[in-house]
Amino acid sequence: MEKVKKIKIVAATGCPTGIAHTFMAEEALKKAAEKLGVDIKVETHGQVGVENQLSPEEIRDADGVIIAADKDVKAERFFGKPTIDVSVQRAIKDAESLIQAIIDGKAEKYRLKNNKADQNDHTGEISQGNSIGRSIYKHLMNGVSHMLPFVVAGGVLIAVSFTFGIKSFDPKDPTYNPFAEMLFKTGKVSFDLMIPVLAAFIADSIAKRSGMVIGFIGGMIANSGGTGFLGAIVAGFIAGYLVLLLSKLFTNLPQSLNGLKAIFLYPVIGVFLIGGIMTTLVAPMSSINETMQAFLSNFQDSNPILLGVIIGCMDAFDLGGPVNKAAYVTALALLSEGNNYFMAGIFSASMTPPLITAFASVFFRKYFNESERSAGLVNFVLGCTLITEGAIPFAAKNPIVVIPIFMVGSSISAALTYLMGVQVPAPHGGFLVAPVVTGVFQWVIAILVGSLVGAILFGIYKKISFANAEE
Amino acid sequence: MDRNNILNIHHISLNEELVSQQEVFERIAELAVQNGIASSQKKVVEGLLERERLSTTGFLDGFAIPHTQVGEIVRPGIVILSTKHGIEWRSMDDQPTRFFIALLIPKNEAGTIHLQILSSLSRMLMHDDTRQNLLSAESAQEVLEKIMPILE
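Chains A and B, in that order, give the protein sequences. Counting in my numbering, the first sequence runs from 223 upward without gaps. Counting in my numbering, the second sequence runs from 1137 upward without gaps.
Read the hints as simulated data drawn from the structure, not as lab findings. Please note: incorrect hints may appear among the correct ones.
In the SDA-like style, the derived pairs of lysine to any residue whose C-alpha atoms are separated by at most 20 Å in a straight line are [what the hints assert, rightly or not]:
#1 A:K257 x B:T1266
#2 A:K293 x B:E1186
#3 A:K619 x B:R1189
From just these sequences and the hints, can you work out the full model?
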């Protein structure tokens, strides 16, 4: 009779808090292994640290690997082994079918895999299950959480430089201050990086390091092409899936060329492709820009409410991106012609989105995680100094729902501003230029009303998505 | 390590009239503060809610193991509740939950013994007979007697 060698499985379990589910998964796997007659060794990643660590020999001798984790368990060690990669819950619920799948030879060899959710942004953002919506959300989240510090740092530095004078960075201006110039320039550097970083880390979530490289390049092209954060999101996803596609195409290359893939093939081919794609996508941007400006100038004397809604929507649409900029540039042109009314609405509409997030993060605290609350508080500063970009991280998480909410708030602020005939003769600065504004009191009220309405809407949205996150 | 501090009869309350996850968490937090496990009821509830957002702590046979680690927890403790009504908990077997074993851990905990206690408890809950045994307990004293050996 043939002597069949007992199947050996190694496993690694880990749940974010590392208290209970890690060990429950361990126990479930052990029970199932015993029942199905296989050998198993389970490495646990709990609060106490890594216990029962798998040695390289044990991994080498294993017939299969089960990863049951919602955190990083250094899965690179399992490269090339038949692996089943699931959440901790799945292992607790379904350990037997996982082990059976390995016995039946149904496990795929482990290779380039999704990044596990960023651990610095825990609380409610880690997705369970693998539906497409959940993956897209996970990728967006990875991008946003990496982008956030750049937005905050850049925004605050720029805001502080404005307190010296809104043009204090300009040596030709009477308010010039070298320190303010340094603050402004440094802040700008941080801001300029936020768009490529968003794209890079969306791509990183999809296809790890190689994806990140391509995402960075795609994001930089999006940035210099003036597509704003929406363009960065597009670039990030294209980059990530591009690399995944490349990795599928190259699966059959001999093992010895693996190093070549990461250092040469993916970067060179990937960058070439993303360069072509993104350059094509951003090419029409400047003509779109001109069209928008022309369109807008036609409306300068129209009904204040209509104008308010148009400006509100344009400013909130991409929060500092091309549409927002088109409206702003039009306002600058009109300002130089002596029209101070138009700019007033632009100010209001652009200050509102960050203020919406700020108020919402205070009144609806419960539905915001720690980093969102901090970013929300910072947005009081950024909103008041007309740094619309502060709202980007909040919008990027779910642009389809959040941007319309911002549009409503901004439209209200802008329409009220126009209705009350506020005049703003300055090109930037938000509340910092209040001294030169005509109709300050009405102006503040207009912005407050729009921001608070938007905040309520935003808060309700967060509440609903909080409840849905329990799924 | 005094197991009595981690779990004693005062930490257990059966057949509560609670009807929602929020109420269960608040009752757990209340018992925690009453027994000197935590200094802030609000923070314990917040912590339990945050952990629940990551993924459900309900698993099989009406059991759930909500847990959290916040600064306002003064010493490690286990609080046990059972409710008259099944509560919607998004559990793994989609059944409503009625037996709650809450694990509360201080944030800056030097020792690991309590973590080992909690991990053995978690492992044991994976066994059908352990769960059935606990479900059949008719008083807080019985629950205590059935769980204590697991914590050894």
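Against the structure, the hints:
1. Between the alpha carbons of K257 (chain A) and T1266 (chain B) the distance comes to roughly 18 Å, so the proposed pair stays at or under 20 Å and holds.
2. Note on K293 (chain A) and E1186 (chain B): the hinted pairing holds, with a Cα-Cα distance of about 17 Å set against a maximum of 20 Å.
3. Proximity of K619 (chain A) to R1189 (chain B) is assessed by CA-CA distance (about 17 Å); at most 20 Å being required, the pair is judged to hold.
The structure is consistent with each of the numbered hints, conforming to all of them.
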